Amino acid sequence: MRASAAPDTLPLSGTKLVCSAGPCEGQEFALEDGEYVVGRSNDNPICIPDTSVSRKHVLIRRLGGGWTANDLGSGNGTLLNGEPLTDETPLSSGSVLTLGDTELTFNDASNATMMMPMPPAPSSRPARRPTAAAAAPAAAPAEEEEPGDAIAPRRPAPSRPESRVRASRGRTAGPDPEAQKRKKRLLLISAGVFVVLVGLLVAIKVKQQQDADAWRAEALAAQEQREQVEGLFQDAKNLIRDGKWADAKTRLLELQEAQPDHPQLQDYLTRVEKEIPNQAAIDAAKTALEKDQLGTAATSLAKVSKDTQLFESMGTLRRTLQDKADKRAREALSMLEQKQIDQAKAITDDILVAIPTHRDAKVINEQAARLIGIRDAPPPPPVAPPTVKPWDQAVERFRDGDLNGAMAMANACAGRSPQCKTLMTSLTDFGNLYKKVEELDVKGLSRLMDLDKKITNGRSSKLIGNAGKRAANLFYKMASSAKVAGQWGRAMENAQRALQADPGHVGASAIVTEMRGKAKDVYWGAYAIKDSSPEDALPKFRDVVNMTPPDDELHQKAKVWVEKLQR
Numbered sequence: 001m002r003a004s005a006a007p008d009t010l011p012l013s014g015t016k017l018v019c020s021a022g023p024c025e026g027q028e029f030a031l032e033d034g035e036y037v038v039g040r041s042n043d044n045p046i047c048i049p050d051t052s053v054s055r056k057h058v059l060i061r062r063l064g065g066g067w068t069a070n071d072l073g074s075g076n077g078t079l080l081n082g083e084p085l086t087d088e089t090p091l092s093s094g095s096v097l098t099l100g101d102t103e104l105t106f107n108d109a110s111n112a113t114m115m116m117p118m119p120p121a122p123s124s125r126p127a128r129r130p131t132a133a134a135a136a137p138a139a140a141p142a143e144e145e146e147p148g149d150a151i152a153p154r155r156p157a158p159s160r161p162e163s164r165v166r167a168s169r170g171r172t173a174g175p176d177p178e179a180q181k182r183k184k185r186l187l188l189i190s191a192g193v194f195v196v197l198v199g200l201l202v203a204i205k206v207k208q209q210q211d212a213d214a215w216r217a218e219a220l221a222a223q224e225q226r227e228q229v230e231g232l233f234q235d236a237k238n239l240i241r242d243g244k245w246a247d248a249k250t251r252l253l254e255l256q257e258a259q260p261d262h263p264q265l266q267d268y269l270t271r272v273e274k275e276i277p278n279q280a281a282i283d284a285a286k287t288a289l290e291k292d293q294l295g296t297a298a299t300s301l302a303k304v305s306k307d308t309q310l311f312e313s314m315g316t317l318r319r320t321l322q323d324k325a326d327k328r329a330r331e332a333l334s335m336l337e338q339k340q341i342d343q344a345k346a347i348t349d350d351i352l353v354a355i356p357t358h359r360d361a362k363v364i365n366e367q368a369a370r371l372i373g374i375r376d377a378p379p380p381p382p383v384a385p386p387t388v389k390p391w392d393q394a395v396e397r398f399r400d401g402d403l404n405g406a407m408a409m410a411n412a413c414a415g416r417s418p419q420c421k422t423l424m425t426s427l428t429d430f431g432n433l434y435k436k437v438e439e440l441d442v443k444g445l446s447r448l449m450d451l452d453k454k455i456t457n458g459r460s461s462k463l464i465g466n467a468g469k470r471a472a473n474l475f476y477k478m479a480s481s482a483k484v485a486g487q488w489g490r491a492m493e494n495a496q497r498a499l500q501a502d503p504g505h506v507g508a509s510a511i512v513t514e515m516r517g518k519a520k521d522v523y524w525g526a527y528a529i530k531d532s533s534p535e536d537a538l539p540k541f542r543d544v545v546n547m548t549p550p551d552d553e554l555h556q557k558a559k560v561w562v563e564k565l566q567r
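Residue numbering for the sequence shown follows the UniProt record's numbering, beginning at 1 and increasing consecutively.
Hints may contain errors.
Stated by the list, open to error - Below, in silico cross-link-like pairs of lysine-lysine (DSS-like), each with a Cα-Cα straight-line distance of 25 Å or less:
hint : residue 1 : residue 2
1    : K454      : K435
2    : K303      : K389
3    : K207      : K181
4    : K530      : K339
5    : K483      : K518
6    : K477      : K518
7    : K291      : K303
8    : K477      : K453
9    : K477      : K530
10   : K291      : K249
Unchecked claim - The following label-pair restraints were derived from C-beta to C-beta distances:
hint : residue 1 : residue 2 : range
11   : G525      : P390      : 51 to 57 Å
12   : D267      : A203      : 29 to 35 Å
13   : R61       : K274      : 53 to 59 Å
If you are wondering where the hints come from, they were derived from the structure by calculation, not from laboratory data.
Keep in mind it's a predicted model, so treat the numbers as computed, not measured.
Note that beta-carbon positions come from the ideal geometry of N, C-alpha and C, so glycine has one too.
Construct the entire structure; sequences and hints are all you get.
This is the structure in C-alpha cells:
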C-alpha cells in the first residue's frame, strides 16, 4: 500500500484564531483571507469588545506559506507567548497572542500535521525471497504474534525483513556508483533550493522591515506636520486675540506654506489683511491723543473700517477724544481770559477738526478770531487837522461857561451856516433848562446833560457841574434801590449814569465795582446752565451785558451768548 493513505486520527480543521480568555472566550475566527486587523473597532475584520484592546491593535496576515503577527502601535502592546511583540513575527500552531485582557490561540492544521509522526513508507519494489537462515528468525516473531494484537487497518510492516535483506545484500555486493551520484546531485539540488529559499525569506523579511520602517517614518512625519500646523494656527489665533495682527499674518503665511488647503486659513487671512491697516490707524490715533493732537487722532480713527473687530478699542478712543476735547476747550477759555488769543485760537481749531460740533470750542474760536482781527487790523489813516469853523468858537465859549457869549457867536453865523443855526437852537434849549436847574427831576437833568454833550460833542462844559452832581445823586439813589431789589442790570445802568454825571461820585463807583464782580458770578452761573436750560441762561447773560461796559471782555462774551441763544 502507498504512503499517501493518512490515518483517520489526523485533524481536518483549517487555520483559525481561538479566543481562550477575555470577553470573547470560546469564539473562533477562521483565517481565510490574506490579512486581518484585530481590535476594538467595529469595522475591523475581527472585533474584540474589550476596553483594554486598542481600536487597531494587531495585524495577522499570510506571508509565504505561513502567517505572521505585527503590533499596530497599540496602547497596551501585544505579547506573543509572553514576550513583547515588537516586529512582524511568524506564528506557529499553538502560539498565544495576549491583547490586554484577551488571549488568542493560533491554530494551523497544516502545521499540526507536519508536527505529527509520519507512518513508515512501504518498499518501492518487492523483496526477494529470504534464505532459509534468514526466514527462520523472521518467522519466529510472526508466529509469536497473536492475531488479535494486530491493528486492523494496517498490515504488518515489512521493513525489518527488507532491511535485513538489504543488509545482507550490502554485505554481498558493493554500493552502486550511479545511485551515489544521483544521491549527491539530489543533495546539491536540495542544498541550492534551501539556500535560495533562505535568501528569499531573508529578502522578504528585509523588505517587510523596510516597509514597516518607511510606514513608521511616514506616520511620524505626518504627525509632526499635523502638530506643526496646529501649533502655527494656534499661535496665529493667540496673536489675533492680543491684537498683534502683523505677527498673526506671519504665522498664517507659514501655515499656508505648510498646509495650503487648511479649511480656515483663507477666512483668517482675509480678516488679518483687513485689520492690519485698522490696527495701524488705531495706533496712530493713540499716539496723537497722547500728544493732544485731536485733529490728527480723529483723522486716523476715520480710516478704520466700520466692520472692524477692534470696536472695543474704537469706543475707548472715541470717549478719550471727547474727554480730551472738553479739557482742551477749558484750557483755551483760560488762555482767552489771559489775552493769549493766538494759543486759544490754535487749540480750538484743533478741537473743531476732531469734533466740528463742539459748542464751547466754536464760541471760543469765534471770540479769539474776532480779537485777532481787531489786533491785526491796520491803523486808521491820519486825520488832517480840522479847519476852524465859525461854530467851533461858539462851542469853545460855551465850554468855558459863557452861555450868553456862545449864543451871540452862534446867532452871528446862523444866517451863513446851518450848523450855527442848529447850535443856536441847542444853546437856547440848554439855557431854558439851566434857568430852573434846581427844580429839574431826573428826566429833566438827563435832558440837560444830553444837551451839554450834544453841544460839546461829548466833552462837557463848566456849566453842567452843579447839574451833574445833582443828577449823580439821583441816579445813585436809583442804583442803590435796584441793587437791593436784585436788579443787577438796572443797578449797574444807574450807577454808570451817575458816574457820567459826576465821574468822582464815590457811591456810584462802589456800586460799579461791586456789580462788575457780581457780573462774573452771574456769567459763570449762566454759562453752567446754557446747555441744560438755555431759557434761564439768556436773561442772566443779558444782565451781564448791562452790568459791564462795552469794552469789557466779560461784556463781549455775554453778548455773544445772548446772540447765540436768541437764534
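Structure-based check of each hint:
A threshold of 25 Å between alpha carbons decides the hint, and for K454 with K435 the separation of about 18 Å falls inside it, so the pair holds. A threshold of 25 Å between alpha carbons decides the hint, and for K303 with K389 the separation of about 72 Å lies outside it, so the pair is violated. Of the pairs offered as hints, the one joining K207 and K181 is violated, with about 38 Å between alpha carbons and a cut-off of 25 Å exceeded. As the CA atoms of K530 and K339 are separated by approximately 24 Å, the hinted pair is consistent with the 25 Å bound.
At most 25 Å may separate the alpha-carbon atoms for a hinted pair to count; K483 and K518 meet this at roughly 11 Å. Distance restraint check for K477 and K518: the Cα-Cα separation of roughly 19 Å lies within the 25 Å cut-off, and the hinted pair is therefore satisfied. At roughly 19 Å between alpha-carbon atoms, K291 and K303 fall within 25 Å of each other, so this suggested pair holds. Between K477 and K453 the CA atoms are separated by roughly 23 Å; this keeps the pair inside 25 Å, and the hint holds.
Pair hint K477 plus K530 does not hold up; C-alpha atoms about 34 Å apart against a cutoff of 25 Å. Our distance criterion of 25 Å between C-alpha atoms is broken by K291 and K249, whose separation comes to about 30 Å. Hint check: G525 to P390, Cβ distance near 56 Å, so the stated range 51 to 57 Å holds. D267 and A203 have their C-beta atoms about 52 Å apart, which leaves the hinted 29 to 35 Å range violated.
For R61 paired with K274, a C-beta distance near 55 Å keeps the hint of 53 to 59 Å intact.
The structure shown violates the earlier hints numbered 2, 3, 9, 10, 12.
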